[in-house]
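Based on these hints, arrange chain R on the given structure of chain X.
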Amino acid sequence: MTTSNPLALIAEITHRCPLHCVYCSNPLELAAASSELSTAEWLDVLRQAGRLGMLHAHFTGGEPLARPDLTALIAGARAAGLYTNLITSGIGLAGPRLQALVDAGLDHIQLSFQDSREDGANWIAGAKAHAHKIELSRIIRRYKIAFTVNLVVHRQNIDHLDEMIAFIEQLAPERMEIAHTQYYGWALKNRVALLPTRAQLEKATEAVGTAERRLAGRIRVDFVVPDYYARFPKACMGGWGRRLMLINPAGKVLPCHAAEVIPGLEFESVREKSLQFIWQQSPSFQRFRGEEWMPEPCRSCDQRTQDFGGCRCQALLLTGDANATDPACSLAPAHYVVESALAEANSTAAVSQPTSASSFVQLQRAETLWSYRTNPE
Amino acid sequence: MPPPEDSSQPRLAAGCRWGGTEEARVVLFPEGAIKLQGTGRQVLEHCDGQRTFGQIIAELQAQFGEADPAKIRSDISQFLEQLRHKRIVDY
Chain X
0 MTTSNPLALI
10 AEITHRCPLH
20 CVYCSNPLEL
30 AAASSELSTA
40 EWLDVLRQAG
50 RLGMLHAHFT
60 GGEPLARPDL
70 TALIAGARAA
80 GLYTNLITSG
90 IGLAGPRLQA
100 LVDAGLDHIQ
110 LSFQDSREDG
120 ANWIAGAKAH
130 AHKIELSRII
140 RRYKIAFTVN
150 LVVHRQNIDH
160 LDEMIAFIEQ
170 LAPERMEIAH
180 TQYYGWALKN
190 RVALLPTRAQ
200 LEKATEAVGT
210 AERRLAGRIR
220 VDFVVPDYYA
230 RFPKACMGGW
240 GRRLMLINPA
250 GKVLPCHAAE
260 VIPGLEFESV
270 REKSLQFIWQ
280 QSPSFQRFRG
290 EEWMPEPCRS
300 CDQRTQDFGG
310 CRCQALLLTG
320 DANATDPACS
330 LAPAHYVVES
340 ALAEANSTAA
350 VSQPTSASSF
360 VQLQRAETLW
370 SYRTNPE
Chain R
0 MPPPEDSSQP
10 RLAAGCRWGG
20 TEEARVVLFP
30 EGAIKLQGTG
40 RQVLEHCDGQ
50 RTFGQIIAEL
60 QAQFGEADPA
70 KIRSDISQFL
80 EQLRHKRIVD
90 Y
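From first to last, the protein sequence lines stand for chains X and R. Using numbering that gives the first Met the number 0, read the first sequence as starting at 0 and increasing by one per residue. Using numbering that gives the first Met the number 0, read the second sequence as starting at 0 and increasing by one per residue.
Please keep in mind that the hints were generated in silico from the structure rather than gathered at the bench. A virtual CB, placed ideally from N, CA and C, is assigned to each residue, including glycine. There may be inaccurate statements among the hints.
[What the hints assert, rightly or not] Partial list, computed: chain X residues near chain R (C-beta under 8 Å):
1. R50
2. Y82
3. I144
4. A145
5. T147
6. E173
7. R212
8. A215
9. V223
[Claimed, not checked] Quick list of the computed label-pair ranges, beta carbon to beta carbon:
10. E168(X) - E4(R): 21 to 29 Å
11. S3(X) - Q62(R): 55 to 63 Å
12. Q280(X) - D5(R): 41 to 49 Å
13. E28(X) - G53(R): 58 to 66 Å
14. S34(X) - T20(R): 36 to 44 Å
15. P294(X) - T20(R): 36 to 44 Å
16. A71(X) - D5(R): 22 to 30 Å
Isolated chain X (complex conformation) (with noise of 0.2 Å):
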């Protein structure tokens, strides 16, 4: 089968992080801090992403700041002709960094915020952090590079949907991301607090198409959707090895960001393999590309090309077997699986509120309600 090229790396640059967020989307097993790519090591793969054609660069984490050599990085991928994009909490940057990135050809911000009040975001992210991303935001729109606002939503802020909106419109971005809670990883582990009930949902949908057309030229509002909710299973990441290559902190090549999860799959690594190697002949990025792995009923029906049978790791993680349909999907013979997680959503409405501690340890030791994400050694 020939394959076109792939249009996006996807550069987790550390797994160290400030933050310790519930719902973070990196592994339960984080690369440690010894394990990490060095500086040479990432500008050859940002080299090689360039000359496979690919477009954009996206550099995540854990918290790109944390590493040193970041401007450096951003200089490179811009050098290999890539579009990039910080994908950033905000915490270690303040003016004078932000005037290097830019400099160095930063072409888009994309800050998240984990609530509009600061109890509420410092409570999701375990760390006092909601203040500092305020005055960046002020900063960040003092340069001309495209300036994106994420906000994650979940069982525990989404009733106050509209005046998160609203806090968001005031920073001035020119997008801004309200994204449902992906169940991978922390937000698989604490689901119970993240899922919202059917009722939230609704609430929040039509809050989210009435900003869409208040803001339409000014302000584009993307959505991600809870696939548990939805009839058919999200195309996760535009389907498996067709757009996007992620590049774990230790240089391991994933079609995404849970991919590890799923096991009998070797994943080379940029130290072992290239990357135009590891995109056309890999098996691990073969494995689920195209159509020839599905089950019954993907095999069959017409929703195939639209969301390529949904995610291979949601499908092992909620039914043990990376080969079977999307348990989200309603046509999933596992679906069961995915209605009993609304059930137990549904039959329980309350909903917690947030617990003042000063730090991260305290607020460790007095949470029953979750696990806080931890950090690699």
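Same frame as chain X, but now just chain R:
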């Protein structure tokens, strides 16, 4: 958001820029890229933040002499309005 006025100066929005090769020009933006060929490419290349919308229309009407000028105006206006909604163009 209304269509561009004659005095406005359409331009690529912050953080959006040209990329690709001379044969395959694209405009890069945070979530992706759009391939631009033919008329679409000509229109956006005129959107340099210097020319006014009125000037752009006049220049392109002169260039596409055969076509109905009112149709050219409404097509370009609609095109820029769509790109503004995606936050790729400002005016």
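Do the hints match the structure? See the list:
For R50(X), the interface hint is violated, the least distance from its beta-carbon to any beta-carbon of chain R being 13 Å, above 8 Å. With a least beta-carbon distance of about 4 Å to chain R, the hint placing Y82(X) at the interface is held under the 8 Å criterion. For I144(X), the interface hint holds, since its Cβ comes within 8 Å of a Cβ in chain R; the closest pair sits about 5 Å apart. Given hint, A145(X) at the interface with chain R, holds; its Cβ is 2 Å from that chain's nearest Cβ, closer than 8 Å.
Because the beta carbon of T147(X) sits about 6 Å from the nearest beta carbon in chain R, less than 8 Å, this interface hint is met. Among the interface hints, the one on E173(X) holds; its C-beta lies about 4 Å from the nearest C-beta in chain R, closer than the 8 Å criterion. The interface hint given for R212(X) is violated, since its Cβ lies 10 Å from the closest Cβ of chain R, which is over the 8 Å cut-off. Interface restraint check for A215(X): the shortest CB-CB distance to chain R comes to about 5 Å, inside 8 Å, so the restraint holds.
Look at V223(X): its Cβ only gets to about 12 Å from chain R, farther than 8 Å, so that hint breaks. Take E168(X) and E4(R): their Cβ atoms lie about 24 Å apart, and the range 21 to 29 Å holds. Between S3(X) and Q62(R) the Cβ separation comes to about 34 Å, which falls outside the hinted range of 55 to 63 Å. Look at Q280(X) against D5(R): about 56 Å separates their beta carbons, and that is not inside 41 to 49 Å.
Remark: the range hint 58 to 66 Å for E28(X) to G53(R) is upheld by a beta-carbon distance near 60 Å. Take S34(X) and T20(R): their Cβ atoms lie about 37 Å apart, and the range 36 to 44 Å holds. Taking the beta carbon of each, P294(X) and T20(R) are about 41 Å apart, inside 36 to 44 Å as hinted. At roughly 46 Å, the beta carbons of A71(X) and D5(R) sit outside the given window of 22 to 30 Å.
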